Structure formats: C-alpha cells, structure tokens
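**Q** Got chain A; can you put chain B on it based on the hints?
Number of protein chains: 2
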Amino acid sequence: MKPSIPKGTRDFSPVEMDRRNYIFGVIREVFYRYGFKQIETPSMENLSTLMGKYGEEGDKLLFKVLNSGDFSAKIDDEIWREKNALKLSGLLCEKGLRYDLTVPFARYVVQHREQITFPFRRFQTQPVWRADKPQKGRYREFYQCDADIIGSNSLINEMELIEIIDEVFNILKINVVIKINNRKILAGIAQLIGQDDKITDITVVIDKLDKIGLENVNAELLEKGILQDSIDKLKPVLLLQGTVNEKIGKLKELLRNYETGLNGISEIEQIFSYLSCTQLKAELELDLTLARGLNYYTGAILEVKALDTSIGSISGGGRYDNLTGVFGLEGVSGVGVSFGADRIYDVLDTLNLFPTTSLSGTKLLFVHFDENGLNYALPLLRKVRQNGISAEIYPETAKIKKQMHYADNNNITFVAIVGEEEIKNQSVMLKNMQTGEQKQVDMEALMRELKG
Amino acid sequence: MKPSIPKGTRDFSPVEMDRRNYIFGVIREVFYRYGFKQIETPSMENLSTLMGKYGEEGDKLLFKVLNSGDFSAKIDDEIWREKNALKLSGLLCEKGLRYDLTVPFARYVVQHREQITFPFRRFQTQPVWRADKPQKGRYREFYQCDADIIGSNSLINEMELIEIIDEVFNILKINVVIKINNRKILAGIAQLIGQDDKITDITVVIDKLDKIGLENVNAELLEKGILQDSIDKLKPVLLLQGTVNEKIGKLKELLRNYETGLNGISEIEQIFSYLSCTQLKAELELDLTLARGLNYYTGAILEVKALDTSIGSISGGGRYDNLTGVFGLEGVSGVGVSFGADRIYDVLDTLNLFPTTSLSGTKLLFVHFDENGLNYALPLLRKVRQNGISAEIYPETAKIKKQMHYADNNNITFVAIVGEEEIKNQSVMLKNMQTGEQKQVDMEALMRELKG
Chain A
396 MKPSIPKGTR
406 DFSPVEMDRR
416 NYIFGVIREV
426 FYRYGFKQIE
436 TPSMENLSTL
446 MGKYGEEGDK
456 LLFKVLNSGD
466 FSAKIDDEIW
476 REKNALKLSG
486 LLCEKGLRYD
496 LTVPFARYVV
506 QHREQITFPF
516 RRFQTQPVWR
526 ADKPQKGRYR
536 EFYQCDADII
546 GSNSLINEME
556 LIEIIDEVFN
566 ILKINVVIKI
576 NNRKILAGIA
586 QLIGQDDKIT
596 DITVVIDKLD
606 KIGLENVNAE
616 LLEKGILQDS
626 IDKLKPVLLL
636 QGTVNEKIGK
646 LKELLRNYET
656 GLNGISEIEQ
666 IFSYLSCTQL
676 KAELELDLTL
686 ARGLNYYTGA
696 ILEVKALDTS
706 IGSISGGGRY
716 DNLTGVFGLE
726 GVSGVGVSFG
736 ADRIYDVLDT
746 LNLFPTTSLS
756 GTKLLFVHFD
766 ENGLNYALPL
776 LRKVRQNGIS
786 AEIYPETAKI
796 KKQMHYADNN
806 NITFVAIVGE
816 EEIKNQSVML
826 KNMQTGEQKQ
836 VDMEALMREL
846 KG
Chain B
396 MKPSIPKGTR
406 DFSPVEMDRR
416 NYIFGVIREV
426 FYRYGFKQIE
436 TPSMENLSTL
446 MGKYGEEGDK
456 LLFKVLNSGD
466 FSAKIDDEIW
476 REKNALKLSG
486 LLCEKGLRYD
496 LTVPFARYVV
506 QHREQITFPF
516 RRFQTQPVWR
526 ADKPQKGRYR
536 EFYQCDADII
546 GSNSLINEME
556 LIEIIDEVFN
566 ILKINVVIKI
576 NNRKILAGIA
586 QLIGQDDKIT
596 DITVVIDKLD
606 KIGLENVNAE
616 LLEKGILQDS
626 IDKLKPVLLL
636 QGTVNEKIGK
646 LKELLRNYET
656 GLNGISEIEQ
666 IFSYLSCTQL
676 KAELELDLTL
686 ARGLNYYTGA
696 ILEVKALDTS
706 IGSISGGGRY
716 DNLTGVFGLE
726 GVSGVGVSFG
736 ADRIYDVLDT
746 LNLFPTTSLS
756 GTKLLFVHFD
766 ENGLNYALPL
776 LRKVRQNGIS
786 AEIYPETAKI
796 KKQMHYADNN
806 NITFVAIVGE
816 EEIKNQSVML
826 KNMQTGEQKQ
836 VDMEALMREL
846 KG
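Here the protein sequences come in this chain order: A and B.
So the first sequence is numbered by our numbering: it starts at 396 and just counts up by one.
So the second sequence is numbered by our numbering: it starts at 396 and just counts up by one.
Excised from the complex, chain A in its bound form (with noise of 0.2 Å):
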C-alpha cells in the first residue's frame, strides 16, 4: 500500500514551511502594526452558520463532517429509502468545514458582541476548505489572511487597507496593481442601462471582462436576459478610459441622475483624496469593470495584481454594509481584505523573490568519531544552545562522509569536528559550509564566529 493524502491537499515540507512561515511573517507584522488583533475560530462550523451564505454553488462546495454515533437510525425510514444526496446531507451531517473567514467572523461578531469594543479590528490567518475541482494553483485547503473593520463607516478605512496591501506587496517586493471600484457605482450603471433589477447578473458577467474580452461579455449578458439595447448603452462605459480623474468626471456626467451611483462615485473621490499625501508604491487604478463575485459586498471593491506573471489575483477585498444581519446583528457595516498566501507563494516562488537566508535552520552540526567525541561535545552543545544559536550533534557513531552528507543536506552552516587532536587541545576543527574553509578554534571564537 503506498499512503497517499486526498486530492487537492498538500504536505509542506521544511523548505515550504520556511517560504510559507515567511509570507505569513511579514502579514502579520503588517497587521500588527496597523493596529489589527488576531482571533481564531473553530475550523467545523454548524452547518446552519455557513449554508446559504455562499450561493448554491457554494454550499455544494461545503465539506460536510459525519455525525458522530448512530447517524443514520436517527433518519427516517420514508426519506433514508429516498436516497436522496442533497435531502440527506443535511440530515447526516450537522457541522461543515468552514468555507472562508469572513462568514465565521460575521459569526464571531455577533456571537460576543458585548465582549467586543467597536471598531473592531481583527485578523486572522487560517486554512479553509472547499470541494472545488483540484487544478493547478486550486487546492480543497488552503489558507486566507484577512483584516477586517467592523463597526465603522469611515472611509479612513478603505485607506488603511489599500496601505496595508501597498506594504505588504513592497515589503515582499511584488509589483503590484490595486484595482478599485464601488458596489454603489456599478448599481448606477444598472439604472442608467435600465436594468436596476439584474445588478448581480450584471456584475457577475462584466467581472469577467478581464478574461473573456468585450465580444463575450456582451452574449452572456444577452443570455442572461439583458436587452441589446441595455448592453449597447453599458459599452461606452465598460470602455472609459484615461486618468481617474478624467474617468471621474465622464462617469459624474453618465450617473448625473442616479444617487447611490453619485454616492459611490464620491466615496471614491473620498479615498482618492485621503490617500493624496502617501506615496503609494503600487499603481492604484480606478477599474469600473472590477465586480467581484461575492455578493454581500456593497460599497468599496479591491482587487489587486501581481504585475510581472499571470498568476491572476492575489489579493483582494471590499465593503458590506450588512454581514451580520443574517446573525441578527443589523446595521453593523465592515470593510475587509484577504491576502491569498498560496497564490503569493506560487508569486514569489515564479519571480525567484523568496530571500535566500532562511529564518530558521541548523547553524552547527557537532561531528564526531566515537563515544569519546560524543562526551567531549555534548557540553559545547548545551552552550551553544544556551546562546540561543540553533545546534545539533550527529546522534549516531558514523563515518564522517555521512555525517558531512546530513550536513549538507539540511544547509548546515557550520560543522565542528571533534577528534583526537581537538579533544586534547580543548578547541574543535571549525569548518564553514559555504567556503570550506577551516580551522582549530577554541570555546570562545566559536561562540564569536557562530555570533558573527
């Protein structure tokens, strides 16, 4: 039998772990420093918190989890006899794995509302699960690192986010582009074209124009029931071009006579404006064709690009007005981003980005000949851990090709061989990994050329 894991799934072995914990290191900091705390919720959820949340394509997606014990005397007879999938999964199963972070932390939100002090500035980085077909840079788990604030309407907000990805993408050295867009925008568009009822259909299919090109978009949206007429009046504006500020004002022009479509033009404006005397490193770019598929987004939209591949989208986030109100929380508004740490990784692995010293790793390997060397290093051993310098003795008695071999494949940065001659002048042969140089050294150097 050869072990293998589910598809979709992954082991991370050490040097993954390294690159990963790295990504994770420097997003965190970031969110610390943006004055965001860490929360953590269970990965199984009640099934009740995380269906219909995200549409009927997503809760197929959902991982269910079996109840425990006699689950299926628990059935009735008529509908056990059924056999129906769909009727019997929610019998079958109580809890699901969660689906992202944004769902359970609407959850948390209301759940220990007194215990929370508004606005609330959370984050947190945890794997999710969806049974989504497995294809390349597509896994069943993986891991979202989203900041969220809760509880305020303030577009200061949308601000500090669009910095924070701006600092983590320059502090990771990602060229980036920030698309930026507004729910309240693309609901003016609808009425301007007339088809204020279809907005989600609409959105759905122009977030696409990306990828499928203008021809495309404009027979789906026939398919999806929207006039000629509507679409031959959606192109002009699909197709605005030039500085923010010139698409700005053409769009104040089209929307002249829609409010929410004003509002969401002035919200933009907003932002733009309190992010006037930052220097962003990043190109942020007013895209009126971004939508994002998530519908509980309501105003600010963000999406944001890798510049130098064609890996997509790897970041991105937005305004909902009203996420806890499913949990019985009403008007309680948030603005959120998430950082897709597998899609950076695949960034950075591409771009050759990854720094090349590691933050974790064996600085000395302690090599020895017999029982003899063991006993003499074992006490320089604990000193050097005691120093805090990450060590390790070879634990076996073995020829020193194969303990130079484990050496080298772990990138050891420095062996100390003790033999004979070293014992008997208290002092180990010290030799660099990297250059092959070597040489005889006492307590004291070693603890200076392992500091240094």
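Derived by calculation from the structure, the hints in this document are not laboratory data.
These figures come from a predicted structure and were not determined experimentally.
Check the hints yourself; a few may be wrong.
It does not matter which identical chain is used: a pair holds within one copy or between any two.
Each computed SDA-like pair below joins lysine to any residue, with the alpha-carbon atoms no more than 25 Å apart [unchecked claim]:
(1) K482 with T830
(2) K603 with E791
(3) K448 with E435
(4) K834 with Q539
(5) K645 with D602
(6) K531 with L748
(7) K455 with E648
(8) K455 with A480
(9) K397 with N717
(10) K531 with V572
(11) K478 with C488
**A** Chain B alone, transformed into the frame defined by chain A:
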C-alpha cells in the same frame, strides 16, 4: 437565531490568541534551537491512513468527512437498506480529520522518504480533532506541538527530548516532574509474572495506578483475567521505592533472567548517564507504573506533570520502533515528544504565569476632534508606522470620551490628542494611559517616547 459553534470547539479572542501565541512561540523557538524543521500535513487524510491506528475506540472518535456529490447513489441498495451506521460510514466517507500528528507524520515519512535525509528531526504544531465527549479541559479541536527524530536508534535522541521538555517548561516558568519508564522493562515485568501475552492489558491498567490506586488496579487486572498469583508478584514491582539507582538495582535483580527487561534497564541507565552533565531544572523520576496508553511505543516512554496544579499530564512521548511499517517502510525507529498547548494554557492561567506585557497590541492611538485634526494626524500616523510602531487613528469623528474609552478597552499604551492648539504648534498632546501623565511633544519627542 442566536449564533453558536459546535460543542467542544472554541473561538479564541485577541487576548487568548496573544497567550496562545506566547506558548507556541516558546515551544517553536526551542524546537528550532535544537535543530528541528517544521512540516505541515493536510487536515484531511484518507480514512485508510487513519483507520485501525488508534484502536477500536479511536476509530469511533475519528471525524469523517462526507463524500461530495451524489454520495448515496454509489452505495449498493442492499447495504443501504441495512442502515448500519458502522458499515455505511466507510462508504459515505473517504476522508477523515487528523486525529493526532504522529500517524500523519509516519505517512509523510514513507511518502517522501526519497527527499528526506535521515535522521529526520521534524516538528509540527497543528490542530487535531476527536469526537470525544467534551468536558472541562477536553476539546474536540485542539492543538498538538510534536517534535520527533526518526531514523536513529541512538539514545542521544531521548536525552535531547528530555532537555527540550526541561527547557520549554523552564522558559514558561512551570515546575514539572518528568516521569520516565521503558516499555521493555514493562515487557520484562510481564514475563516475570508469567503474563507476557497480556502485556497490553497490563500496561493499560497499571497506567491508571496514579488515578485509581492499587486496590482498583488489582481488581481491574483480575477482571482482565490476570491470575491472583501474578498480581501478587506484580505488587512489589509497582511499589518499588528509592532513588533512581536504588530502583535500578532492585529491578536488575528482579529481572535478571529476562533479557528484554534488562535491555530496558540499560537504556534507562544510558539516558541518565547522558544527562549527568546537564543541570535539569525539572525533576526526573523513574516511574515503573508509567505505561502510556498508545500501543506503538516500544522503548523509552515519557510523561510530564505540572507540580503546582492538579491539571495532570501536559506533555508526553516515547520511542516507537516501527511506526512506518504499516505504510510499507520497515525498520525505522523514532522517538518523539508532544506538548499539549491547551493543557499548558490552563496551567499558566491557573498559576498566573502569563507575561503581563503583550507581544502584540497597539502602542499609540491618534485622537482627534474634526476633519482638520484627522488630516493633520494622517501623515504623523504613517511616520509612526514607518518606524515599526503599532499605531491607529480613531476612524470616525467622535466624542473624545468615546475615543479614550476605545484606547482603554484595547489596552493601548499611549494616545496622541490632536486639537487646534497642537495643530498650531505642530505637536501632539501625548498621554500615557497607564500613568495618566500627559505633555505636548513634537514629532521627534513623540518618536523618542514611543521607542523608549
């Protein structure tokens, strides 16, 4: 609808996360310093990997994940009609949630053996899931922190794990006793009393000596079919008193005809000898009643108890000679230790041992009265953050009382109040929230105060 989470699971608030991160941080730092490398495995494993590894009881406690799609259609009608939960669960589910970190690690080692240089020192800190009856201190989702060395028979490894345990609890300021025993000694004892075919039953029962006392242990042994004569022979062994050397001396005498037992004794002696030049802070005790439930252990076994509370075992481990055998890789010996983060949390909480200074948390909040103050403060806020200091601005124009209340509730160290006067003087009014002290400072003085 009042939102809730599945029983036996928990949300972690920012304060709890800080404390948990403190525990994980200490454990990881020590693991790294001892040359261990981190890996992660998927939350879901194939049920074929997990089933049969934790005994019959363990199989029942596995959380199973319902197959996606039309899961019922694939099940034979005849079997379906039987409605037998036990039989069905294997057909409804192919995947289960990780029950511990050891079995997935064994699976990992076999699956990736070509990429691994042995001895392999790995650590792993991830959640595990068990459908246990929830009770105080026992959860259905909890974290394990495991370090194992696999591919080496050397008892140096046992020594190092004991040093790691000692170091972790020394840094956490928890006084502990480390109990050590050896499965080979237990096997020798079973032979001595003429019950070597019942070794598993015997170890399971005597493991409870601490909790239920000698009388009840004897009663349980009788129940398991151990003869009274054997129980009488066992008694003096269980009640062996004295120093380590005294116990070892008596044991050698008792087990003089049983080779396995004598091997176990000499392993214990070697480990104590390796440790003789270390100053352990913890008490190290040879406990012949220590058995540890898991039946994959074959050599040294370890258990750690906190001395100043009744919380029980907070860490444990041991040597296993053939964990990878079940996945097709024979003859690889390993030894490991596992820290129970949740139990350690409870000990630190009970004994008030958490550090009072948090590792995270906002250092400075800008408080303002109007849009003017906000615009004045924004560039200052950016400068403070650029200096690596965690800072926020209250995002709304709100009453000063509300903003100060926010600072208080979030344990923010300083607030920088920005009024007309401060804007005129290009300064802020800096208030220390602990002492109440406040003074007008310019940007340079502000940075000095924050860094000091």
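**Q** All the hints need checking, so say for each whether the structure fits it.
**A** Hints and how they fare:
Proximity of K482 and T830 under a CA criterion of 25 Å is satisfied in neither setting, with 66 Å inside one chain copy and 62 Å between copies. Within a single copy, K603 and E791 get their C-alpha atoms no closer than 60 Å, and across copies no closer than 36 Å, so neither meets the 25 Å cut-off. Only within a single protomer do K448 and E435 lie at most 25 Å apart by alpha-carbon distance; the minimum there is 20 Å, versus 30 Å between protomers. With identical chains, the CA atoms of K834 and Q539 are never at most 25 Å apart, being 48 Å at best within one copy and 42 Å at best between copies.
In this assembly of identical chains, the alpha carbons of K645 and D602 lie at most 25 Å apart only when taken from the same copy (21 Å versus 79 Å across copies). With identical chains, the CA atoms of K531 and L748 are at most 25 Å apart within one copy only, with a shortest distance of 20 Å there and 47 Å across copies. Taking the closest pair of Cα atoms, K455 and E648 never come within 25 Å of each other, the shortest separation being 43 Å inside a single copy and 66 Å across copies. Taking identical chains as interchangeable, the C-alpha atoms of K455 and A480 lie at most 25 Å apart whether they share a chain (11 Å) or sit on different chains (23 Å).
Taking CA atoms no more than 25 Å apart as the test, K397 paired with N717 passes between copies only; the shortest distance there is 16 Å, against 49 Å inside one copy. In this assembly of identical chains, K531 and V572 lie within 25 Å of each other by CA distance solely inside one copy; the values are 23 Å within and 50 Å between copies. When the C-alpha separation of K478 and C488 is checked against a cutoff of 25 Å, the pair qualifies both within a copy, at 15 Å, and between copies, at 16 Å.
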